[in-house]
Amino acid sequence: MPAVSMTVNGKAVSGNIEERTLLVQFLREHLRLTGTHVGCDTSQCGACVVHVDGKSVKSCTLLALSLEGAQVTTIEGLAEPNGPLHPMQEAFRQNHGLQCGYCTPGMIMSAIDIVRRKGNDLDEHTIREELDGNICRCTGYHNIVKSIAAGAKAMAKDGAPRQAAE
Amino acid sequence: MSVTSSATGIGASVRRKEDLRFITGRGQYTDDVVRPGETRAAFVRSPHAHAKIKSIDAGAAKKMPGVVAVLTGAELANDKIGSLICGWMIHSKDGSPMKMSAHPAIAAGKVNHVGDAVAVVIAETKGQARDAADKVKVEYEPLPAVADPAKAQAKGAPQIHEVAPNNTIYQWHLGDQKATEAAFAAAKHVTKLDIVNNRLVANAIEPRAALAEYDSGTDQLTLWNTSQNPHVARLVISAFVGITPEHKLRVIAPDVGGGFGSKIFIYPEEVVCLWAARKVGRPVKWTAERSESFLTDAHGRDHVTHAELALDAEGKILALRAKTIANLGAYMSTFSSSVPTYLYGTLLSGQYDIPSIYCEVDAVYTNTVPVDAYRGAGRPEATFVVERLVEVAAREMGIEPTELRKRNFIKSFPHQTPVIMNYDAGDYNASLKKALELADVKGFGKRKRDAARHGKLRGLGYSTYIEACGIAPSQAVGSLGAGVGLWESAEVRVNPTGSVEVLTGTHAHGQGHETTFAQLVSERLGIPFENVSIVHGDTDKVQFGMGTYGSRSGAVGMSAVVKALDKIEAKAKKVAAFMMEAAEGDIVFKDGKFTVAGTDKSAAWSDVSLNAYIAHKFTGAELEPGLKETSFYDPTNFTFPAGCHICEVEVDTETGNTEIVNWTAVDDFGTVINPMIVEGQVHGGIAQGIGQALLEGAIYDKDAQLVTGSFMDYSMPRAHNLPSFKIGLTETKSPSNPLGIKGCGEAGAIAAPPAVINAITDAIGTEQLAMPATANAVWSALQRVNAASHAG
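The listed protein sequences derive, respectively, from chains A and B.
Residue numbering for the first sequence follows the numbering used here, beginning at 19 and increasing consecutively.
Residue numbering for the second sequence follows the numbering used here, beginning at 1336 and increasing consecutively.
In short, the hints are calculated from the structure, not lab data.
The structure displayed is predicted, hence computed values, not measured ones.
Ideal Cβ positions, reconstructed from N, Cα and C, are used throughout, including at glycine.
Be a bit skeptical, because a hint or two may be false.
[As the list claims (entries may be wrong)] Mimicking DSBU-like on lysine-lysine, the simulated pairs with C-alpha atoms at most 35 Å apart in a straight line are:
#, chain 1, residue 1, chain 2, residue 2
1, B, K1783, A, K136
2, B, K1352, A, K164
3, A, K73, B, K1352
4, A, K175, B, K1352
5, A, K164, B, K1769
6, A, K29, B, K1352
7, A, K164, B, K1768
8, A, K171, B, K1352
9, B, K1461, A, K73
10, B, K2068, A, K164
11, A, K136, B, K2061
12, A, K164, B, K2061
13, B, K1791, A, K136
14, A, K164, B, K1783
15, A, K164, B, K1791
16, A, K29, B, K1461
17, A, K164, B, K1781
18, B, K1583, B, K1902
19, B, K1769, A, K171
20, B, K1777, A, K164
[Said to hold, decoys possible] Label pairs and their in silico Cβ distance ranges:
#, chain 1, residue 1, chain 2, residue 2, range
21, A, D71, B, E1373, 30 to 36 Å
22, A, G101, B, Q1878, 34 to 40 Å
23, B, E2066, A, D71, 20 to 26 Å
24, A, K175, B, V1923, 46 to 52 Å
25, B, E1735, A, A174, 37 to 43 Å
26, B, K1583, A, V31, 39 to 45 Å
27, A, A21, B, K1472, 34 to 40 Å
28, B, G1372, A, A174, 48 to 54 Å
29, A, E86, B, Y1948, 56 to 62 Å
30, A, V31, B, S1834, 21 to 27 Å
31, B, P2073, A, N100, 37 to 43 Å
32, A, H48, B, S1834, 53 to 59 Å
33, A, V31, B, E2066, 52 to 58 Å
34, A, K136, B, P1382, 42 to 48 Å
Next up, chain A with everything else stripped away, as it sits in the complex (with noise of 0.2 Å):
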């Protein structure tokens, strides 16, 4: 099987794949990270969103195979285990942006992209147009909206919107 060399959450980490072994499944069945989740199988929900060389993609779109060499950032590299929230991960949970948890890193992930490429000052339309790719059952979608438009400020006060963990 070949071998796939990348960097995950700052780690250099590789293995042995099939060829047809996605991002996602290379992440949570070999890295044994199950923060990021699977919802569909048509690359709409959005719960597997990660960032690939600081951009947001959806993991079960990619293929482990074509990422040698990447920096991959998941839910689990946002934040040292006990150490501060990521100031969008923070706004989550002040703003109550999630209910049963499922599409959350995902959510979170692509929220700090919107950033990333929108600015911190985001009004509700942009915010809700930007999440187009991500789908919540629970929420209705209002609290992620007061989330992230609150988590965008939030990394405004922390200087650049963060990228990877160190």
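Go by the hints and put chain B onto chain A.
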């Protein structure tokens, strides 16, 4: 929002304890669980809606890399694994029992819907299991199939189960037929509607999953499962399906990613995983692919109804009648029979004082995925019928829609409806009034004129809904055919150091019980919120409980906690009395402290808890050591949340697109533990209701193939489909549980669809509009309106 006694007590919008693991990716959902030696299961599923299984050749499949076993329905039957069941008996008008077919976990002689399993492959990896599943050769003899329930009952239709002639499961009715007929005969005005309550797929974002493990040393089976009710799963799988005796089965529902009813039921997949795990001697894990979920998760709704409302000259409602065909799909799912009967017909009075009601329901088999409860379960169907009838009647009679409602609101309580339900408390005028203000209905006329100048049509739609939840008083549902009681259990364990664990038979899948239940305990015992843990979801830890659905965890689950806390307080006072050498009757417990009335003697909570376990201050004959109490709470009635939702839409006449420009909801949920969480439940429910009204619909073609089989074709609401919501609350406490809670989990999904359709039909000027009111549907309706007005 009510005044709170503390920052973490009842009524406080406390931030959730469970969030930390979810926002950091450390939740543990069923697919995240990995057991040593785990294998993966892939099912071979029928591509035909109706077919005989002629043969299954697994020869090539068994030789594929990594394959451990290939198992079929014949082997399942050989191992004497029993049928899945529907646990709610419904009788027809003629007294005959419902016609429940067998439902083997793997089909043996015949398949009855696209997706019906015919074999399962167990392999080392998911990819290997799927590859081998593709190699299983199944020879089918296709049979004619039927997806439409009316066609299924017609002469010459394909017969799906021998036990049910004309594919009819039952023909049920409720109410007084004669009185209703008389009322209609005397009516000044009759409104008639033909209504389709469109078939939906719950689509929780976490797909269903099951992981089964067998310990041959102890003959013990363990099942991790995405279940809303692990104890019920354990009971059904052991006692009815016969996998293993109850005490040898442990069911664990870890973090569950949404349910909405679809994860209540006991499905073939968990049965097969358990059976296979014991057979192959290794853990077996199955996780649904989304397109597999579409073919196996219970669908919701799917009613076709002809409904009529009889009114007098002043718009006073005299009677309501409805005839419904309910599509239950290819097999009767666990609670399927109850949804179009006792969860539907009993809500046809709505918020109104209606003297006579008569409802007939035919439940029918078709070659489609089984249908069962989905958020609201019967009450959205009833509310849609009632609120459309009332709105249309108002338009036909030229009476303003809120005025017509007010003329008919129930104003005194308790109120016995003609359809079993006895409403205990409510104030429907209060929610209507508050909603009208919040929605600025006064300003609607101007907004409508402004919109018209831009070529947009604005419309306003009301939904004054009521529902019955807090499911449910056991004797009541038992008398209506339920095979189980619907009480709830709680065990409160005070530790020696004073921290508390509450073991509840409910099971949250997003509702935040770890937070809300802790708020209740923290306030009652006067101990810090951080010192309370909530335990749920494991049949080895928690005594029997009925699970979470039917908006019951607050009303029923928390009531059980309250009763257990009552016992804790009583015993703790005894301990304190011994400690302070006082009479038990002189002990006062307040704010976490025990004092002797009239003195300055006191004992802290954690001192009392420690003493309960050290047991030095009393003998075993005087008092048992320990501080742990249990309660099984059976509610005395359903609860009746009610409210008013107002939807304001703007329709683009060029595209038919509907934008929801304002949504106002004023709900009465009785006592609210955490307003932030309650509002979140309302948001989510409204979103699903809007999804039903505007976007969603599971469609079968004439060959009973599911055309909407993935997120490509089934339109899930996204953020840009939905508005922000204005949420208000009124409060009349429920008299039928100690906290006065009514429950809030389903109300949004119940209230929303008629509000949307009432608004769009108001905007475009025709009642001929079915759900989902897609842009195409609305545009077509507009063309018909224009054609009619030109012709006229």
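field: Violated hints - listed by number, lowest first
entry: Violated hints (numbers, rising): 23, 25, 30 and 32; every other hint is consistent with the structure.
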